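*Asks:* Quick note on full-length UniProt numbering: the sequence shown kicks off at 1 and runs consecutively.
Don't take each hint at face value.
[To be verified] Just the calculated beta-carbon pair ranges, DEER-fashion:
#1 64 with 26: 13 to 23 Å
#2 180 with 84: 15 to 25 Å
#3 215 with 147: 30 to 40 Å
#4 133 with 71: 20 to 30 Å
#5 153 with 204: 38 to 48 Å
[As the list claims (entries may be wrong)] Quick list of in silico lysine to any residue cross-link-like pairs, SDA-like style, CA-CA up to 20 Å:
#6 105 with 86
#7 52 with 19
#8 171 with 199
Hints are computed from structural coordinates only; laboratory data are not their basis. Please read these numbers as outputs of a predicted model, since none were measured by experiment. Heads up, the beta-carbon is just placed ideally off N, CA and C, and yes, glycines get one too.
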Amino acid sequence: MSSSSVNLEEIPSESLMNELLRRMKCASKPENRLILIGPPGSGKGTQSSMIKDEYCLCHLATGDMLRAAVSTKTPLGIKAKEAMDKGELVSDDLVVGIIDEAMKKPSCQKGFILDGFPRTVVQAQKLDEMLERQGVKIDKVLDFEIDDSILEERITGRWIHPSSGRSYHTKFAPPKVHGVDDVTEEPLIQRKDDTAAVLRSRLEAFHKQTEPVINYYSKKGLVTKLDAEKPQKYVTDDIRKALS
Numbered sequence: 001m002s003s004s005s006v007n008l009e010e011i012p013s014e015s016l017m018n019e020l021l022r023r024m025k026c027a028s029k030p031e032n033r034l035i036l037i038g039p040p041g042s043g044k045g046t047q048s049s050m051i052k053d054e055y056c057l058c059h060l061a062t063g064d065m066l067r068a069a070v071s072t073k074t075p076l077g078i079k080a081k082e083a084m085d086k087g088e089l090v091s092d093d094l095v096v097g098i099i100d101e102a103m104k105k106p107s108c109q110k111g112f113i114l115d116g117f118p119r120t121v122v123q124a125q126k127l128d129e130m131l132e133r134q135g136v137k138i139d140k141v142l143d144f145e146i147d148d149s150i151l152e153e154r155i156t157g158r159w160i161h162p163s164s165g166r167s168y169h170t171k172f173a174p175p176k177v178h179g180v181d182d183v184t185e186e187p188l189i190q191r192k193d194d195t196a197a198v199l200r201s202r203l204e205a206f207h208k209q210t211e212p213v214i215n216y217y218s219k220k221g222l223v224t225k226l227d228a229e230k231p232q233k234y235v236t237d238d239i240r241k242a243l244s
């Protein structure tokens with residue numbers, strides 16, 4: 001047995017059965033390649049967890065993928081680290097290349113959710129070019145619409161479980177135990193940029209750079225607008241209707 005092989009005898013029967021059931025459930029699911037667009041605090045992270053599980057898609061968050069590529073020292077990760085060490089932005093081509101790599105994972109067999117990319121029209125064009133080379137395309141863009149004035153309360157009360165990406169909120173979606181993840185009972189963290197000052201800066205960038213991306217995909221007839229000011233369960237219902 002090679003060093004990279006897994007000894008199935010060492011895996012608990014319950015885990016094997018759960019994985020088998022998951023694969024059987026996912027076999028009948030249609031392919032979906034989705035982009036989630038919305039300002040910080042609009043609910044993309046919360047809804048992406050539901051979409052990922054219910055539609056058997058992988059969740060591609062570009063920040064997480066970049067960090068993973070750098071830490072595992074993939075060829076693209078090494079190039080990305082060189083840029084970051086120089087204080088430069090990682091190029092769009094590198095990010096698209098890392099997304100291309102991630103799409104080949106078995107967990108992405110039924111498609112993916114892209115969250116945090118593309119942020120500009122140029123990035124959207126490069127992404128479309130890469131997907132076209134793979135013989136696939138974006139199926140739908142979910143646009144989380146919400147007024148800026150509502151976001152500050154949402155952002156400053158947000159807590160995250162780092163390894164899974166599960167998000168909580170002190171007011172709107174508190175964990176069962178304060179400061180602790182419901183599933184793993186591991187501690188939650190609050191991101192350093194979840195402050196009112198950082199939010200204002202990020203909103204300015206979103207309106208200037210990312211809103212044109214919505215127009216870009218609207219011209220292709222791919223955008224479904226969601227009222228992200230609704231309670232979470234109603235937004236979930238609207239997403240299910242959009243993907244049905």
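*Asks:* Does each hint fit the structure? Answer for all of them.
*Replies:* Each hint tested on the structure:
For residue 64 and residue 26, the Cβ-Cβ distance of about 22 Å falls inside the hinted range of 13 to 23 Å, so the restraint holds. Look at residue 180 against residue 84: about 32 Å separates their beta carbons, and that is not inside 15 to 25 Å. Between residue 215 and residue 147 the CB atoms are about 19 Å apart, so this pair departs from the stated range of 30 to 40 Å. At about 27 Å, the CB distance of residue 133 to residue 71 agrees with the hint of 20 to 30 Å.
Range check, residue 153 to residue 204: Cβ separation about 19 Å, and the 38 to 48 Å hint is violated. Pair hint residue 105 plus residue 86 does not hold up; C-alpha atoms about 30 Å apart against a cutoff of 20 Å. A hinted pair counts as satisfied when its Cα atoms are at most 20 Å apart, and residue 52 with residue 19 qualifies at roughly 15 Å. Annotation: proposed proximity of residue 171 to residue 199 holds, straight-line Cα distance about 18 Å (limit 20 Å).
Hint check: violations occur at hints 2, 3, 5, 6; the rest are consistent with the structure.
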